[in-house]
Each structure stands twice: as structure tokens, then as C-alpha cells.
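Since chain P is already given, all that's left is putting chain F on it; use the hints.
Protein chains: 2
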Amino acid sequence: MKRWQDIVLPIPDWLNTWAAEISPTLPEVDQRMAAVIDLARINVQHGGGPFAAAVFDQTSGELIAPGVNWVVPGKSSLLHAEVMALALAEQTLGSYELASYGSFELVTSAEPCCQCLGVLQWTGIASIVCGARSEDVEAIGFDEGQRAADWVQGLQRRGISVTREVMRAQAIEVLQSYRGEIYNSRLLTKP
Amino acid sequence: MKRWQDIVLPIPDWLNTWAAEISPTLPEVDQRMAAVIDLARINVQHGGGPFAAAVFDQTSGELIAPGVNWVVPGKSSLLHAEVMALALAEQTLGSYELASYGSFELVTSAEPCCQCLGVLQWTGIASIVCGARSEDVEAIGFDEGQRAADWVQGLQRRGISVTREVMRAQAIEVLQSYRGEIYNSRLLTKP
Numbered sequence: 091m092k093r094w095q096d097i098v099l100p101i102p103d104w105l106n107t108w109a110a111e112i113s114p115t116l117p118e119v120d121q122r123m124a125a126v127i128d129l130a131r132i133n134v135q136h137g138g139g140p141f142a143a144a145v146f147d148q149t150s151g152e153l154i155a156p157g158v159n160w161v162v163p164g165k166s167s168l169l170h171a172e173v174m175a176l177a178l179a180e181q182t183l184g185s186y187e188l189a190s191y192g193s194f195e196l197v198t199s200a201e202p203c204c205q206c207l208g209v210l211q212w213t214g215i216a217s218i219v220c221g222a223r224s225e226d227v228e229a230i231g232f233d234e235g236q237r238a239a240d241w242v243q244g245l246q247r248r249g250i251s252v253t254r255e256v257m258r259a260q261a262i263e264v265l266q267s268y269r270g271e272i273y274n275s276r277l278l279t280k281p
Numbered sequence: 091m092k093r094w095q096d097i098v099l100p101i102p103d104w105l106n107t108w109a110a111e112i113s114p115t116l117p118e119v120d121q122r123m124a125a126v127i128d129l130a131r132i133n134v135q136h137g138g139g140p141f142a143a144a145v146f147d148q149t150s151g152e153l154i155a156p157g158v159n160w161v162v163p164g165k166s167s168l169l170h171a172e173v174m175a176l177a178l179a180e181q182t183l184g185s186y187e188l189a190s191y192g193s194f195e196l197v198t199s200a201e202p203c204c205q206c207l208g209v210l211q212w213t214g215i216a217s218i219v220c221g222a223r224s225e226d227v228e229a230i231g232f233d234e235g236q237r238a239a240d241w242v243q244g245l246q247r248r249g250i251s252v253t254r255e256v257m258r259a260q261a262i263e264v265l266q267s268y269r270g271e272i273y274n275s276r277l278l279t280k281p
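Residue numbers (this note's numbering), protein chains in the order written: chain P, 91 to 281; chain F, 91 to 281.
In isolation and in its complexed conformation, chain P is listed as follows (with noise of 0.2 angstroms):
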């Protein structure tokens, strides 16, 4: 009997066809966070939760890949949205080291937890793009979890560069605007 399988991280279906509607190129980085915060607000609206993100090509703005907070719909808690935007983009490129296919940008509704905060490091990523400070996140009840204190420059001095508050009214907005559940808490459980 074969007992563990291959681990299968769901996509929402609504995905693809939102893609489908937007300009394939965003070649400023308003135009990419602007997208990127209408994605987080329609994920709102399908059940997941207030965050997005995209893994974009540095230099012609391309969408590579898109992601959402599904951990709920997808009952797994590796489906941030950073998570899932760099996993896809591995699995769109077929490597485990996005820099061997260019330059590429991971533009996020807020501040990366923790867990994204790690994953980004492995994955090859040029540089990160921010639009909600982790305070922000914080204000509405989430927990960005345990990070170095000197985040931004650590990774500046790994070589990914960081951009903050692109767009922070309008990505605090979407957090505001959250009446779902405030799941993984370990601050609200385990005060």
C-alpha cells in the first residue's frame, strides 16, 4: 500500500481566467502592486485570505506567476501568498533557482511572515517589493511570526534587494477591509 503521495498544493480555478484579464506586461512597479492588491482583494471575496503576491520579470514586467493566500481553502499552511507565487514560478520555469532563467521580482500586498521570509531566500529571487508594513498585518490580527530584527538589510546583504510601502494605503485598505478568520495565530492561541 502506498501511503504518502506526492504533495499536492491546490490553486484556486479563478486564478488563470483573472490572468487572462490583466495587461500580461506591467512595466512599472505601480501598475504591477496595483494588480497584485486587486488580486488580494478578489481572494478576499473567494474565501482566502487578505494577502497576494507575483513573481514578475525585472525587466519586461511579464507576470510569471500569481499567488494567494489559500491556507484555509487549501488546508495547507504553506499556501501564502509569496509561497505559492515562487513555487508556481519554479514549477512554470522547471528549476529550484529562478536566476538561472533571469532577473525576477516578487511584488507582495505586505510584508513577507516568517515562512516566506525563508522560502524567498532558497528560491533565486532578485529582489522584493512590498506594499503593507508587517504592522499593518499585525493591526488586523495576524502574525508575521519570528524574523530577525534586520530582515531587510540581511537581505539586501544576501543580494535581494527590498522596496517597502509601494502602494501601503491602498494594500492597508484591503487588510482592513478583512471579516474572515484569523487562522495559525500563535500571538492570539499562545499569548
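For the record, the hints were derived by calculation from the structure and aren't laboratory data.
One should not assume that every hint holds.
One copy or two, either will do: identical chains are not told apart, so a pair holds if it fits within one copy or between any two.
[Unchecked claim] Okay, derived cross-link-like pairs now, EDC-like style, lysine to aspartate or glutamate, Cα gap no bigger than 20 angstroms in a straight line:
id : residue 1 : residue 2
1  : K165      : E225
2  : K165      : D96
3  : K165      : D240
4  : K165      : E187
5  : K165      : E118
6  : K165      : D103
Quick caveat, the model's predicted, so the values are computed rather than measured.
Then chain F, alone, in the frame of chain P:
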């Protein structure tokens, strides 16, 4: 056209064969670590990295899910041993929150890198038991990534107990016998 499909993280076929040959219940922590170190050794023979892990039921010692470092064969930087074991455990139990199903222990042949440390915080794991120390991993050229300096205390503050240096010498032996690729090492590629 469907562009993105569910994320599939492959596990090696022989993992089920290996598990069928060991005792399904390992009541002592040294037995659990010995099995995990043995799994790391076998993984290297199959072309994986020199790391293994497993999730056990803390009360019965029952093996819930094994994991090996399968980054290169599986073409995904997510496929660290701890991530595979935790994701397989969640998939086996059908939940993003292991704590809802009991008290589970992650046994790992080496202390967790930034990715595994981040991932484990959202799984609902109750404890982590480590073999080799981070300096043992770095001594053979692997990179642990950016972590909080006080990650052990940080996990404990969050209710996750940490035990270190269980059968460290045997775990180091597997690390030092490794002659394969040192992939994803930002320390080496971006000094």
C-alpha cells in the same frame, strides 16, 4: 488555456518502501533520530541532499510522515526535508493545523535553515528535535540563511519545545560523507 496548475512537489518513490521496513512506532527519541539519520544516508544514495526529517506522534511515537531533501531531483527549493515531512503530515491529516489532531514532533537530522524554521511555525507542531548543529551544516558548505539569532528561545516562547544535539555525531557523519552538489548557497555564490 490553463497556464498555472496545482503545485506538485514530488516525493521519491522509495520513501514508502523505506517506511514499510521500519517499525511503525518508535517510542524512544533516539530510535526516532536513528531512523531519520538512516533516511538521510539513504537519500544521498538516491541523489538527494544529506538531510532527512520526520513528523511523529509525540505520545505514541508513530511515524506520521517522513521527509528528505529533494531540491535537485524534485526541482523545487521548497523540498527541504522538514518542509516535505510537515507538508506530508498536513496532507495525511487533511489540515493546515497539526495541533488540532494531537501533539506532534518534528525530528530533523540537522538544525532547520531559515525556510524550515519559518515553515514549521505555522504547522502547529509541538516540538522539534535536532541532530547536527547549524555549524556542522555550514562546515560542509551549506547555508542556513537569515534567522533570528535567538531562534531556539523564540520557538520556545511560541510554545514549541526544542531539543538539540540528539545523536549529533552520527548526524555529522552523514553530512561529512556527502559528495554531491551544494545548491542554493547564497554564501558561496554571493559572498
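Quiz item: Within a copy, between copies, both or neither: where do K165 and E225 come within 20 angstroms Cα-Cα?
Solution: neither (26 angstroms within a copy, 35 angstroms between copies)
Quiz item: How would you classify K165 and E118 at a CA-CA limit of 20 angstroms: within, between, both, or neither?
Solution: neither (34 angstroms within a copy, 31 angstroms between copies)
Quiz prompt | 20 angstroms Cα threshold - placement of D240 relative to K165 | solution = The answer is neither: 31 angstroms in one copy and 30 angstroms across copies each exceed 20 angstroms.
Quiz item: Is it within a copy, between copies, both, or neither that the alpha carbon of K165 lies no farther than 20 angstroms from that of D103?
Solution: Classified as within; 15 angstroms inside a copy, 24 angstroms across copies.
Exercise. Could you figure out if K165 and E187 sit no more than 20 angstroms apart (CA to CA) within one copy, between two copies, both or neither?
Key: between (26 angstroms within a copy, 8 angstroms between copies)
Practice problem: Please work out whether the CA atoms of K165 and D96 approach to 20 angstroms or closer within one copy, between two copies, in both situations, or in neither? | Solution: both (15 angstroms within a copy, 13 angstroms between copies)
Hint violations for this structure: numbers 1, 3, 5, all remaining hints satisfied.
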